[in-house]
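K.L.:
Residue strings, one per chain:
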Amino acid sequence: MTAGLPGTGLGGLLYVLLALLMPVRELYLTARGRSSRERWAVVGQQALMALAIIAALAGTAVVVARLLDAGGYAADRAAPLVASAAIGVSVLAVLSVLLRLWALLDRRRAGTAAA
Amino acid sequence: MTTSVHPHVERDRADDPTRGLTHDLTRDRRDRPAQRPGRHRRDRVPADDLTVVIPAYDEAASVADTVRSVLGQTTPPARVIVIDDCSTDGTGELARAAGAEVIRPEQNTGSKAGAQNLALAQVTTAYTMAIDADTTLAPDAIELLLAPLAEDESVAAACGFVVPRHVSSVWERGRYVEYLLSFTFYKPTQDYYGKPLIASGCFSAYRTEVLREAGGWSERTRAEDMDLTWTFYQRGHRVRFVPEAVCYPIEPHDLDFMGKQLKRWSHGFVQNVRLHWRGILPLPFLSTVVGVAMIDALVASLVYLFVLPVLAVVVSPWVLAAYVVDVPAILVPVLLAARRRGEVGKALASIPAFLVLRTVNGVFMLRALWSEVVLRRPLLVYEKGH
Numbered sequence: 001m002t003a004g005l006p007g008t009g010l011g012g013l014l015y016v017l018l019a020l021l022m023p024v025r026e027l028y029l030t031a032r033g034r035s036s037r038e039r040w041a042v043v044g045q046q047a048l049m050a051l052a053i054i055a056a057l058a059g060t061a062v063v064v065a066r067l068l069d070a071g072g073y074a075a076d077r078a079a080p081l082v083a084s085a086a087i088g089v090s091v092l093a094v095l096s097v098l099l100r101l102w103a104l105l106d107r108r109r110a111g112t113a114a115a
Numbered sequence: 001m002t003t004s005v006h007p008h009v010e011r012d013r014a015d016d017p018t019r020g021l022t023h024d025l026t027r028d029r030r031d032r033p034a035q036r037p038g039r040h041r042r043d044r045v046p047a048d049d050l051t052v053v054i055p056a057y058d059e060a061a062s063v064a065d066t067v068r069s070v071l072g073q074t075t076p077p078a079r080v081i082v083i084d085d086c087s088t089d090g091t092g093e094l095a096r097a098a099g100a101e102v103i104r105p106e107q108n109t110g111s112k113a114g115a116q117n118l119a120l121a122q123v124t125t126a127y128t129m130a131i132d133a134d135t136t137l138a139p140d141a142i143e144l145l146l147a148p149l150a151e152d153e154s155v156a157a158a159c160g161f162v163v164p165r166h167v168s169s170v171w172e173r174g175r176y177v178e179y180l181l182s183f184t185f186y187k188p189t190q191d192y193y194g195k196p197l198i199a200s201g202c203f204s205a206y207r208t209e210v211l212r213e214a215g216g217w218s219e220r221t222r223a224e225d226m227d228l229t230w231t232f233y234q235r236g237h238r239v240r241f242v243p244e245a246v247c248y249p250i251e252p253h254d255l256d257f258m259g260k261q262l263k264r265w266s267h268g269f270v271q272n273v274r275l276h277w278r279g280i281l282p283l284p285f286l287s288t289v290v291g292v293a294m295i296d297a298l299v300a301s302l303v304y305l306f307v308l309p310v311l312a313v314v315v316s317p318w319v320l321a322a323y324v325v326d327v328p329a330i331l332v333p334v335l336l337a338a339r340r341r342g343e344v345g346k347a348l349a350s351i352p353a354f355l356v357l358r359t360v361n362g363v364f365m366l367r368a369l370w371s372e373v374v375l376r377r378p379l380l381v382y383e384k385g386h
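Chains A and B are the protein sequences, given in the same order. Quick note on numbering: full-length UniProt numbering labels position 23 of the first sequence as 23, and the sequence is numbered without any gaps. Quick note on numbering: full-length UniProt numbering labels position 272 of the second sequence as 272, and the sequence is numbered without any gaps.
No wet-lab data here; the hints were simulated from the structure. Misleading hints may appear alongside valid ones.
Stated by the list, open to error - With beta-carbon atoms standing in for the labels, derived distance ranges:
1) A:A58 <-> B:G345: 22 to 28 Å
2) A:G44 <-> B:P317: 26 to 32 Å
3) A:A65 <-> B:D256: 40 to 46 Å
4) B:A97 <-> A:Y28: 51 to 57 Å
5) B:A150 <-> A:Y28: 26 to 32 Å
Glycine included, C-beta positions come from ideal geometry on N, C-alpha and C.
This is chain B alone, in the form it adopts within the complex (with noise of 0.2 Å):
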């Protein structure tokens, strides 16, 4: 397998700490004027440099709050496009009659990045915004995710906070506490920084003409986002996140919708991994952060499915105290978030189902690394599981 990325980076300018951070990343979401209700009320003032495009097939659930909310933001965007990837839902109808232009191949395009090519190909705006057709937007969030790529010209992309919009499974409890822990401690960390791991592919803002020169989204991996936020720090380009901008995608609700998206998950990263692990050398802390995470994916997988029970039997029952002896170190990001979200009970009871799904996480990670590594048979269909 080989990359197109380009080896040169453009380190002085990419890795100065200090470009960009200049707005409070720690404003608590109380105290935006635009969520005081009758008090600092902002003009709607449209992103006439923003294309905002939404890849759907078979969303007719969803698609149409997904318009509505992109079409209801304090700075609407000069167009909305929904690539219609040949749903047999009525996607296509509903997302017109929300408010959207609405694009649809002759034939299906196979992938999330296929659909997303097609309309990236029509777009003529400085600004192209990601947004998956299950996801709402808080009312303010592309006007904040613009910030920083207004501000400062080598931001390539900005990615925001993400809730699941509903709590309800066990399965949308467990990525609920999964992340309020990932986006209250591990991004902000990263983005100070200067290398958020990821700009999720649900909502995610990008400069076209540098997403352009990037190919797009590439097709060669199941993570499409992963892939190109590497290759823009290859590039010399910086990504932001924006903890204020806060979007509501619907999480998978059953086992078997959980299972295609952790499966889609795993062997992309194992795949990114194997992609760029050259490239992403001389950049000190992606690489070690991104070292560390396989490493810890790895052991943390063996740990809690063979070695843990094992121990159990031939050591002692008290071993199994080990799947939850890290609960009150989760509970204080995480408790922190909820508390500004006035989710304190919803998360505390969500913490059985988050331990639940880690140890899921890792049945779908074992089963990644040997598939891609050992049997070196990669995944190369995008199924769909939200």
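Okay, chain A solo, but in the shape it has when bound (with noise of 0.2 Å):
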């Protein structure tokens, strides 16, 4: 989420992906001689806090679901949200891809139009 727009998780959830990714990227570039000891302080900081969000995520979906159970909320009727959620987040994963693709589509056209 940038400040001053809003956001419901999509966005903070891919930088959690990213930050998890940053150990990965820096091992690699270790082994090429391309990192140091201030970029892994940074990795590390990021990953950490990935991490923690990883978990307090998981604590409060623990919490949800034991205060639906002892509200008495059925699981059939929670499951439907559930999966709604869940179809929601795929079906704009898979936007976002057609986007990005009908965009390099678009992109090559136009390329193909200037030469």
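Dock the two chains into a complex; use the hints.
P.N.:
Now the structure itself:
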């Protein structure tokens, strides 16, 4: 999420994934002699933050599940909500890939036309 | 709408992930020698190659503080130019009295970018810094911000950490949490991958030659800082984020001012996406981050304003818990940043305001999308709102 723009957490999840990928990428760069302690300090901090965010999300999920159970909110009512959310996220992911593909094709068409 | 940016990207040079990431981005602010009273006091070394540009319109309440904080730096700039954009409250006189050179055009330029370009024409130094007239700096902010520009010629711009100067009203508190979250988790990640999303207009330094080559600050969108940042990337330049360089802008304190700022930001974001989307496609990280931000902003607006209220009525009031379900995750970077600043209590107390602000953000984003994309009615007037 950028300051001033709304966000559901989808953007946040992207950054969590990117932060988790940082150690892998830095290992690759270290093997090629292109890393440093300063870079690893940044990588370590961001990756630890990402892990803490995942732990917080997991903890929240457990608490919510228990609250739903305690409130007598039957799993068969909660399940459609979870499924809807999962479908929504999947549709968004596919949509973003399609948009990107469309944009690439459009760019290629524009390049061909210019040539 | 056309773009004047170059499609050619010197990717080998620009995308080298190890270039310039040598200074310690994680250094705790408390560890900085300049901030330990009586220890390692640094001499004031002038930044002879730097001109600070401060656009100002009716900023009498804050411009003197801004000029004094610039002149009181560990590395004071060679020149401080305030562009008094036909203020009616004595802004120019106050800036001059505080020690700045003042330029006053014959008529109001109509935008922040217009005022900045007026000063850019007079800059003769290698580096130019843009600071808002309501923004003060930490004493070593300029010294720290110039470091990546001096170290690496491929770096065209550098931006710092932003913290609201006053954190009192709901809107200031909401923005305070937004900034702690963004500048602690998102921006360092963007910087690691070589593409900070935006070099904030309130406090950024530029290589003057590259800034001029890009045409200065463009007036074609209402977010000239985002436009300039993405233009730099498309031309193969690098932008760095320096978390240790801290600035303190005055954020909107009421909904009226916040509304003007959010209108400008939301329209500016949509305008920049429309303007640059083809140009940023060859830049995988930037295009992905921008694409996800756009989709997320649209989905969030619809979910917060329509889906959740409807589900709360149709399914169960418990659905409203979705408004706060991600608070524990948000607290991780926010509390980490707040702990470093000794402001944990303030951050915790500001979380409800953040939840309010992000819902309000949704209103402005939907209006911007509707106006810019559906009605094809772009926002053309720059309306000041801090």
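K.L.:
All hints, please: hold or fail.
P.N.:
Here's how the hints hold up against the structure:
1. A:A58 <-> B:G345: 22 to 28 Å: holds (27 Å)
2. A:G44 <-> B:P317: 26 to 32 Å: Roughly 42 Å apart at Cβ, these two residues miss the hinted range, so it is violated.
3. A:A65 <-> B:D256: 40 to 46 Å: holds (42 Å)
4. B:A97 <-> A:Y28: 51 to 57 Å: holds (56 Å)
5. B:A150 <-> A:Y28: 26 to 32 Å: holds (29 Å)
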